[in-house]
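**Student:** Order-wise, the sequence lines are chains X and V. Quick note on numbering: my numbering labels position 132 of the first sequence as 132, and the sequence is numbered without any gaps. One rule links them: number in my numbering = place in the second sequence (from 1) + 1000.
Hints were generated in silico from the structure; no laboratory data involved. Each hint should be verified, as a subset may be incorrect.
[Said to hold, decoys possible] One side of the interface only, derived from the structure: several residues of chain V facing chain X at Cβ under 8 Å: (1) Pro1030; (2) Phe1138; (3) Gly1257; (4) Ile1269; (5) Leu1283; (6) Leu1287; (7) Leu1302.
[Claimed, not checked] Which stretches of chain X does chain V cover? Using the computed rule of at least three CB atoms under 8 Å from a CB of chain V, they are: (8) 305-315; (9) 328-338.
The structure displayed is predicted, hence computed values, not measured ones. Ideal placement from N, C-alpha and C gives every residue a C-beta, glycine not left out.
These are the residues of each chain, in order.
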Amino acid sequence: MTAANAVAPETGFLAEDRIAVATQWQLMWWRFRKHKLAVGGTIVLVAFYLVALFADFFAYVDPTESDAQRSLMAPQTIHWIDDGRFRPYVYALKGTRDPLTFKRVYVPDTSTKIPVRFFGRGEPYELLGFIPTDRHLIAVEGAKASESLFLMGTDTQGRDLWSRLMYATRTSMTIGLVSVALSLVLGVVLGGVSGYFGGVIDTVIQRIIEILRSIPTIPLWMGLAAAVPSDWGVVKVYFAITIIISLIGWTELARVVRGRFISLKEEDFVMAAELVGCSKTRIIFRHMVPSFLSHIIAATTLAIPAIIISETSLSFLGLGLRPPAISWGVLLQDAQNIQALVISPWLLIPSLAVIIAVLAFNFMGDGIRDAADPYL
Amino acid sequence: MVAYIVRRLLLAVLTVWAISVLSFIIIHLPPGDYVTSYIASMSASGSAVSEGEANALREQLGLDKPITIQYAKWMGLMLQGNFGMAMEWGRPVADVIGDRLTLTMVISVAAIIFTWALALPIGIYSAVYRYSFLDYVFTFVGFIGLAIPGFLLALIVMYVGFAWFGANVGGLFSPDFVEAPWSMAKVWDLTKHLPIPAIVLGVAGTAQLIRIMRSNLLDELRKPYVMTARARGLPEYRVIMRYPVRVALNPFVSTIGYLLPYVVSGSIIVSLVLSLPTVGPLLLKALIAQDMFLAGTIVLLLGVMTVIGTFISDLLLMWIDPRIRLGRQ
């Protein structure tokens, strides 16, 4: 008898056996895997955070390097096949002024081919802040990348949009994480206190949440953000904006946590722990928190897209992060003028990043929520 | 029923108070007091403020007194309808805001009506024909609608209008009517311009409401009473519309309280992109010019209007839902 034969009739039994002994997290993972959109969203998000982590590797030039001679260039086409072989190249661009409209126009110079290489050498930088290297995802040979490569075109000041988008991804994706972490602390503490102790404290906290939710948030954010002193540095403004966004965004998380606390308080295992004489802290952190951790993770994931949209909106208005900081909202400031947008529609490219990231977070969050609680 | 109204009214008053404190904080956040920045901006525009005037202003606002008294004085002025002067405009705040506040509310209400008109039938359809082709289409469109921030949608609409149709789809009035006094013709002109901002503002809310309606109705449709109705041979249309939809509608109605602040909030940014004459552009200008008095007043008035709107919707809810009317929560 071969091994394959021995296993085959027992597969059904084995599968059931596996479910019976699986931990809660394994069960969740199996359910999550079935949710195709959620898995897709997760993969997209991993890619986004890789870009955030290695922004300087994915960018091929300094995102702040500007040159009026290269303003508002259209995205360049890469030619992949050269002489029947895979050898990507771009044509050099020559900038001239249109004698009629005085607009700068860029004509490809078909006599000069600039080879494009993956993992080639470019400007030196420090990977992760401590590994000196000059390898970039995309690089050109025999020319300076800043003078020849414009995958997504340039903005009004001639800065390369592709490289700026990579750095913007770093800012916008991390602001979501930092801000949600702060909201989470507020939400778990206040929601937990509210749900566990009940009574007057619960009523007070619930009223506060209700009040916060019935105030139009954007004007409030705008007011608070506008009060951030204009002489603050990039990092200080970043944290100020993060705090402002999380101060108003914690209510939904608190609501979820409170709901779970209330429903768990009545469970037998909590009463058992109380009767055995466990301390309150032990009951909360050892017995209750693990059983709704997955719900918190789901709620947190679903809170991030709202934060990303808030940051983008604030920065778009010029009240959030300000240049020289680079975020999706800051990039979209250039797209505010409709006439400019019609002439150079590539300035809208950063909005795709916003939409894709928000969608991915929503899909992943939905997947986690369904996996965490199939009966919901 | 009375208890319900009183409870809601108390909460509304509390909310207004919280908003007033937050607005007051916004006014006081920037360094220097209001009068100093007032003098600075006045002398920048060429008109000087005398020492006496400045002192009178300080006296009126109680800027030399502790912060709680300042707040009380400010609230007193607000309650009398004296919103102070808008620096940049050199006119009373009430004059500058008046029409714009009304228009903000008109747009917000239009957006909510749009949201309802669309979300209700689509939600019912998606639940009844679950997993049908159209259900997937609506789910997909809904997800996209949720993922696009309002200002971005406004930008895209403007771009499409401009690039493909050569028309400026922004604004709320035709050029002829912008400065004209109110008349029937002007109101009609406004009605014609309302749909685009209403749709742009309403899309995200619609997407959310469709999902809520769909899941509520799905829960109801599984219940035994629906099967009973079917077994009795009621026509399918009546089986669905008469009971399950009515029950599913309740949580739907109560979300209006959260929808209004959300829409008002969104209208601020969307107005900027679509250049609508609401308080949005005014607020941004005031904030950038650091005219915090005007900004704080706008935040306060917007908040108060929203609370009033929510309160009215609570009363409507009570009227629709007999369970609340009869005193059960």
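**Student:** Each hint: holds or not?
**Tutor:** Consistency of the hints with the structure:
Taken as an interface hint, proline 1030 (chain V) checks out: its beta carbon lies about 5 Å from the nearest beta carbon of chain X, inside 8 Å. Look at phenylalanine 1138 (chain V): its Cβ only gets to about 15 Å from chain X, farther than 8 Å, so that hint breaks. Checking glycine 1257 (chain V) against chain X: minimum C-beta separation of about 7 Å stays under 8 Å; hint holds. Nearest Cβ of chain X to the Cβ of isoleucine 1269 (chain V): about 5 Å, under the 8 Å cut. The hint holds.
Contact between leucine 1283 (chain V) and chain X, as hinted, is supported at the beta carbon level, the nearest pair being about 6 Å apart and thus within 8 Å. Interface restraint check for leucine 1287 (chain V): the shortest CB-CB distance to chain X comes to about 4 Å, inside 8 Å, so the restraint holds. Taking 8 Å as the C-beta cut-off, the interface hint given for leucine 1302 (chain V) holds, the closest approach to chain X being about 6 Å. Counting residues of the segment 305-315 of chain X whose C-beta lies closer than 8 Å to any C-beta of chain V gives 4; at least three are required, and the coverage claim holds.
With a threshold of 8 Å between beta carbons, the proposed coverage of the segment 328-338 of chain X by chain V holds, since 4 of its residues qualify and at least three are required.
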